[in-house]
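These protein sequence lines map, in sequence, to chains A and B. Residue numbering for the first sequence follows our numbering, starting at 1 and increasing by one per position. Residue numbering for the second sequence follows our numbering, starting at 1 and increasing by one per position.
Among the clues, some could well be false.
Under 10 Å between C-beta atoms, here's a sample of chain B residues computed to sit facing chain A [as the list claims (entries may be wrong)]:
hint : residue
1    : Phe-45
2    : Leu-46
3    : Ala-96
4    : Lys-98
5    : Asp-103
6    : Gly-104
Calculated from the structure, these hints are not laboratory results. No residue lacks a Cβ here, since even glycine has one placed at the ideal position from N, Cα and C.
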Amino acid sequence: SQTIHQWPATLVQPVGSPLSLECTVEGTSNPNLYWYRQAAGRGLQLLFYSVGIGQISSEVPQNLSASRPQDRQFILSSKKLLLSDSGFYLCAWSRSSYNEQFFGPGTRLTVL
Amino acid sequence: GQQVMQIPQYQHVQEGEDFTTYCNSSTTLSNIQWYKQRPGGHPVFLIQLVKSGEVKKQKRLTFQFGEAKKNSSLHITATQTTDVGTYFCAGLNTNAGKSTFGDGTTLTVKP
């Protein structure tokens, strides 16, 4: 069976500090991978998605970046966090764009 | 770009009442998916609709896909406290190559 891991579960970071969130998927190959951000009580904002290693599509211009160094690994990064980067970050995978997405447990990021 | 609108944003019901959330797309969809996110949790896939006019049921939940494949609805009969959470639709436009999520409808149920 497939599983998706995200860590850490919670993170408190000062403004201006770097960020690295990691997501890994097990039990499948060549998945589509997604990074979403959810502000408190709000909807899902798609940040990045990837259909293969090294292939990243950016949805929203911002100070975040994503990388996919391995088939089942997706990393979200920032060089300098802003207060507005606070939120619930969710990683998800799907077999293809036609298939349902499976979400990880998420990381709650607070930037102070 | 593609837009998916979901209404209402919030719905408060008494336990036992029915609940419906509606999803409307600005473009024709290849499929539509529904997800549920419990408070403090992550979205979980419920169902996918593909065919024009399709209706699917899961116990007290009824999902419909419009004839024009531009709208969808989720209806819950006789809500229970376990139904609380936010319900999201996600519509796939093949040209866009990815699904677009609606902003969700948050359901609260008074026991």
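_Per-residue hint verdict: Gly-104 (chain B), partner chain A, C-beta under 10 Å_ = 5 Å, holds
_Hint status (Cβ of Ala-96 (chain B) to nearest Cβ of chain A, threshold 10 Å)_ = 9 Å, holds
*When the least beta-carbon distance from Phe-45 (chain B) to chain A is tested against 10 Å, hint result*: 4 Å, holds
*Can Leu-46 (chain B) be said to touch chain A, with a Cβ gap under 10 Å?*
9 Å, holds
*Status of the Lys-98 (chain B) interface restraint (C-beta, 10 Å, chain A)*: Holds - the Cβ of Lys-98 (chain B) comes within 10 Å of chain A, reaching about 5 Å at its closest.
*Do the numbers back the hint for Asp-103 (chain B), that is, is its least Cβ distance to chain A under 10 Å?*
4 Å, holds
Violated hints are absent here; each numbered hint is respected by the structure.
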